[in-house]
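Novice: The chain contents come next:
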Amino acid sequence: AQSVTQLDSQVPVFEEAPVELRCNYSSSVSVYLFWYVQYPNQGLQLLLKYLSGSTLVKGINGFEAEFNKSQTSFHLRKPSVHISDTAEYFCAVSVDYKYIFGTGTRLKVLA
Amino acid sequence: NAGVTQTPKFQVLKTGQSMTLQCAQDMNHEYMSWYRQDPGMGLRLIHYSVGAGITDQGEVPNGYNVSRSTTEDFPLRLLSAAPSQTSVYFCASSPVLGGLNEQFFGPGTRLTVL
Numbered sequence: 001a002q003s004v005t006q007l008d009s010q011v012p013v014f015e016e017a018p019v020e021l022r023c024n025y026s027s028s029v030s031v032y033l034f035w036y037v038q039y040p041n042q043g044l045q046l047l048l049k050y051l052s053g054s055t056l057v058k059g060i061n062g063f064e065a066e067f068n069k070s071q072t073s074f075h076l077r078k079p080s081v082h083i084s085d086t087a088e089y090f091c092a093v094s095v096d097y098k099y100i101f102g103t104g105t106r107l108k109v110l111a
Numbered sequence: 001n002a003g004v005t006q007t008p009k010f011q012v013l014k015t016g017q018s019m020t021l022q023c024a025q026d027m028n029h030e031y032m033s034w035y036r037q038d039p040g041m042g043l044r045l046i047h048y049s050v051g052a053g054i055t056d057q058g059e060v061p062n063g064y065n066v067s068r069s070t071t072e073d074f075p076l077r078l079l080s081a082a083p084s085q086t087s088v089y090f091c092a093s094s095p096v097l098g099g100l101n102e103q104f105f106g107p108g109t110r111l112t113v114l
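Sequence lines, in order, name chains A and B.
Numbered according to our numbering, the first sequence spans residues 1 to 111.
Numbered according to our numbering, the second sequence spans residues 1 to 114.
To be clear, the hints were calculated from the coordinates, so they are not data collected in a lab.
Each residue gets a CB set at the ideal place from its N, CA and C atoms; glycine is no exception.
Warning: the hint list may mix true and false statements.
Below, computed lysine to any residue pairings styled on SDA-like, alpha-carbon distance capped at 20 Å [unchecked claim]: (1) B:LYS9 <-> A:PRO40; (2) A:LYS98 <-> B:THR55; (3) A:LYS98 <-> B:VAL50; (4) A:LYS98 <-> B:GLN57; (5) A:LYS98 <-> B:LYS14; (6) A:LYS98 <-> B:GLU59; (7) A:LYS69 <-> B:LYS14; (8) B:LYS14 <-> B:ASP73; (9) A:LYS98 <-> B:LEU111; (10) A:LYS98 <-> B:PRO95; (11) A:LYS98 <-> B:VAL60; (12) A:LYS98 <-> B:ALA52; (13) A:LYS98 <-> B:PRO61; (14) A:LYS49 <-> B:THR71; (15) A:LYS98 <-> B:MET41; (16) A:LYS98 <-> B:LYS9.
Label-pair distances were calculated between CB atoms; the ranges are [said to hold, decoys possible]: (17) B:SER18 <-> A:LYS108: 31 to 41 Å; (18) B:GLN22 <-> A:ALA111: 32 to 42 Å; (19) B:ARG110 <-> A:ASP8: 23 to 33 Å; (20) A:GLU15 <-> B:SER80: 22 to 32 Å; (21) A:LYS108 <-> B:ASN62: 13 to 23 Å.
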């Protein structure tokens, strides 16, 4: 069965510092990978996705993620965070008609 | 386009009551799904539909019913509400079958069952 693991439930980081949010998945078949962001009291919106091709994927708001097939990881990075990046971030995989989400990582950017 | 809309935004029920959470999308998307979001558990798939007239169960379907009579609408019915169904419910849609496409999410319905 497919699963998604987000190792960190909360990540505090100072403004303008870099951040990495970790995501590992397990699947016996090829998957498509996504990162979504959820701002307080809102629905989820897409940050970026990996379907095929280049393993480094760039998304909105300066975020990027790297697909590593051998380590089954899809970590999200940003070189310099802003207060406005405070939100919850979800990694997801898509297999067949189903999307499987991780448990989320709360990013809190400190002034 | 309004995107994905959900009503109501908030709802309080008593144990045993039934209700329907409404979801509509105006993007002509084939794939629609319902999730519940609980602290520390992420989003869990309740039911999904790959087109009008076709629905299937997700990870946590017990206590919920769905139907898909039109492409636009995908209501979620709680048959007999229980406190364990207190959660935030999200509806989502995606353009076509398969996992290539992102999902578009509604703003959510916050449900409390007393």
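Novice: Run every hint past the structure and note whether it holds.
Specialist: Here is what the structure says about each hint:
no., hint, result
1, B:LYS9 <-> A:PRO40, "holds (14 Å)"
2, A:LYS98 <-> B:THR55, "holds (12 Å)"
3, A:LYS98 <-> B:VAL50, "holds (10 Å)"
4, A:LYS98 <-> B:GLN57, "holds (10 Å)"
5, A:LYS98 <-> B:LYS14, "violated (32 Å)"
6, A:LYS98 <-> B:GLU59, "holds (10 Å)"
7, A:LYS69 <-> B:LYS14, "violated (48 Å)"
8, B:LYS14 <-> B:ASP73, "violated (26 Å)"
9, A:LYS98 <-> B:LEU111, "violated (24 Å)"
10, A:LYS98 <-> B:PRO95, "holds (14 Å)"
11, A:LYS98 <-> B:VAL60, "holds (13 Å)"
12, A:LYS98 <-> B:ALA52, "holds (17 Å)"
13, A:LYS98 <-> B:PRO61, "holds (14 Å)"
14, A:LYS49 <-> B:THR71, "violated (25 Å)"
15, A:LYS98 <-> B:MET41, "holds (17 Å)"
16, A:LYS98 <-> B:LYS9, "violated (25 Å)"
17, B:SER18 <-> A:LYS108: 31 to 41 Å, "holds (39 Å)"
18, B:GLN22 <-> A:ALA111: 32 to 42 Å, "holds (40 Å)"
19, B:ARG110 <-> A:ASP8: 23 to 33 Å, "holds (26 Å)"
20, A:GLU15 <-> B:SER80: 22 to 32 Å, "violated (48 Å)"
21, A:LYS108 <-> B:ASN62: 13 to 23 Å, "violated (35 Å)"
Hint check: violations occur at hints 5, 7, 8, 9, 14, 16, 20 and 21; the rest are consistent with the structure.
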